[in-house]
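2 protein chains.
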Amino acid sequence: METAELKNVGLKITGPRTKVLKVLENGPDRHLSAEDIYNYLLSTGDDIALATVYRVLTQFETAKLVTRHHFADGHSVFELNAGDHHDHIVCIKCGRVEEFFDPEIEARQEAIAQEKGYKITDHSLNIYGICAKCDQTG
Amino acid sequence: METAELKNVGLKITGPRTKVLKVLENGPDRHLSAEDIYNYLLSTGDDIALATVYRVLTQFETAKLVTRHHFADGHSVFELNAGDHHDHIVCIKCGRVEEFFDPEIEARQEAIAQEKGYKITDHSLNIYGICAKCDQTG
DNA sequence: CTAGTTGCAAATCATTTGCACTTGC
DNA sequence: GCAAGTGCAAATGATTTGCAACTAG
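Taken in order, these protein sequences are the chains called A and B.
Mapping of the first sequence onto our numbering: position 2 corresponds to residue 2, and the numbering continues sequentially without gaps.
Mapping of the second sequence onto our numbering: position 105 corresponds to residue 105, and the numbering continues sequentially without gaps.
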């Protein structure tokens, strides 16, 4: 139940927060933009303000409940935090997003940061390309 | 000379284009945002419109003269194309940007894309962290 | 009760665009 | 001279914020 997750991170249980969390958990996709979530909620008859979706998502991000990913075309998507880290491969035609994790890449990043004297706080690796389906379709 | 580079990619030699290119070549930093370039030009007495800086940079990007990088805080920087590919490590405190290239990471990315049936068109790897200098300063 | 939350509309920020004017070739 | 390029100001799209009304604990 969503209420528990909200309580755990010290957020009041409110309608909007529960709704957004529910979409992230059982929505049409694991990777959704604020507007996706907003539209999805409207389509299911749940009334909410877009500004609230943004506010709630930002709070969730701070609370580490979700992770925000910025893609090169300038829009960002949110994804429920499953605890695991992974990177993304994005189809530039259809927008499909797939996840991957490569320990070798992770290790190399650590090594590079250390070498250059940086303390890593975060990192993002996005591969952009054309997926098999779109490649056939043209 | 900048005029040659412009001619090579089939762009008319104009004042604004020459100015922007000059800043990218001899400016204060290899990684500059449109606004950085705009402000730098104003500060050196060169008059230009911000919209023109954006237009020119977009043309340069199309002409493969420069590469645009999108960072997680939502702003992008432009960098003169030296032909080589590399990724970035960004200090989240002072904004310092350093470059690195790791063949192992590159190879793994290729492998992953192939495995998932994607044709890579582009990719970006950004490591965010705190540089040695900022770490001391607090 | 009252601090935290929401909705709405207006504000911001980075970037783009329409259009009349200017300039390179 | 004319198509291409530029400046300016207004438009855009994504996201944020001010504020008055609402609600969870």
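Hints are supplied without guarantee of correctness; some may be wrong.
Since the list gives no way to pick out one identical chain from another, each pair is judged satisfied if it fits inside one copy or across any two copies.
Unchecked claim - Pairs of lysine-lysine, BS3-like flavour, derived with a Cα cap of 30 Å: (1) Lys22 <-> Lys119; (2) Lys133 <-> Lys93; (3) Lys12 <-> Lys119; (4) Lys22 <-> Lys7; (5) Lys133 <-> Lys64; (6) Lys12 <-> Lys116; (7) Lys93 <-> Lys22; (8) Lys7 <-> Lys116; (9) Lys12 <-> Lys133; (10) Lys7 <-> Lys133; (11) Lys64 <-> Lys12.
No lab work stands behind these hints: they were computed from the structure.
**Item:** Homomeric proximity label, Lys7 with Lys133: Cα distance no greater than 30 Å
**Value:** Intra 42 Å, inter 39 Å, cutoff 30 Å: neither.
**Request:** Measure nothing new, just compare the shortest in-copy and cross-copy C-alpha distances for Lys12 and Lys133 to 30 Å and report within, between, both or neither.
**Result:** This pair counts as neither: shortest intra-copy Cα distance 43 Å, inter-copy 40 Å.
**Asked** How would you classify Lys12 and Lys119 at a CA-CA limit of 30 Å: within, between, both, or neither?
**Response** neither (34 Å within a copy, 45 Å between copies)
**Request:** Using 30 Å as the alpha carbon limit, work out where Lys7 and Lys116 are close: within a copy, between copies, both or neither.
**Result:** neither (40 Å within a copy, 38 Å between copies)
**Asked** How do Lys133 and Lys64 come out at 30 Å by Cα distance, when the copy is not named: within, between, both, or neither?
**Response** between (34 Å within a copy, 28 Å between copies)
**Message:** When Cα atoms must be at most 30 Å apart, do Lys12 and Lys116 count as within-copy, between-copy, both, or neither?
**Reply:** Neither: 42 Å inside a copy, 41 Å across copies.
**Request:** Since the copies are identical, ignore which copy is meant and state whether Lys93 and Lys22 lie within 30 Å (CA to CA) inside a copy, between copies, both or neither.
**Result:** So Lys93 and Lys22 pass the 30 Å test inside one copy only (28 Å; across, 35 Å).
**Asked** Using 30 Å as the alpha-carbon threshold, which applies to Lys133 and Lys93: within, between, both, or neither?
**Response** Classified as within; 10 Å inside a copy, 41 Å across copies.
**Intra- versus inter-copy proximity for Lys12 and Lys64 (alpha-carbon distance at most 30 Å)** = within (16 Å within a copy, 50 Å between copies)
**Message:** When Cα atoms must be at most 30 Å apart, do Lys22 and Lys7 count as within-copy, between-copy, both, or neither?
**Reply:** For Lys22 and Lys7, the Cα distance is within 30 Å only inside one copy (15 Å; across copies 56 Å).
**Asked** How would you classify Lys22 and Lys119 at a CA-CA limit of 30 Å: within, between, both, or neither?
**Response** Neither: 35 Å inside a chain and 34 Å across chains, both beyond 30 Å.
This entry does not satisfy hints 1, 3, 6, 8, 9 and 10, going by the numbered hints stated previously.
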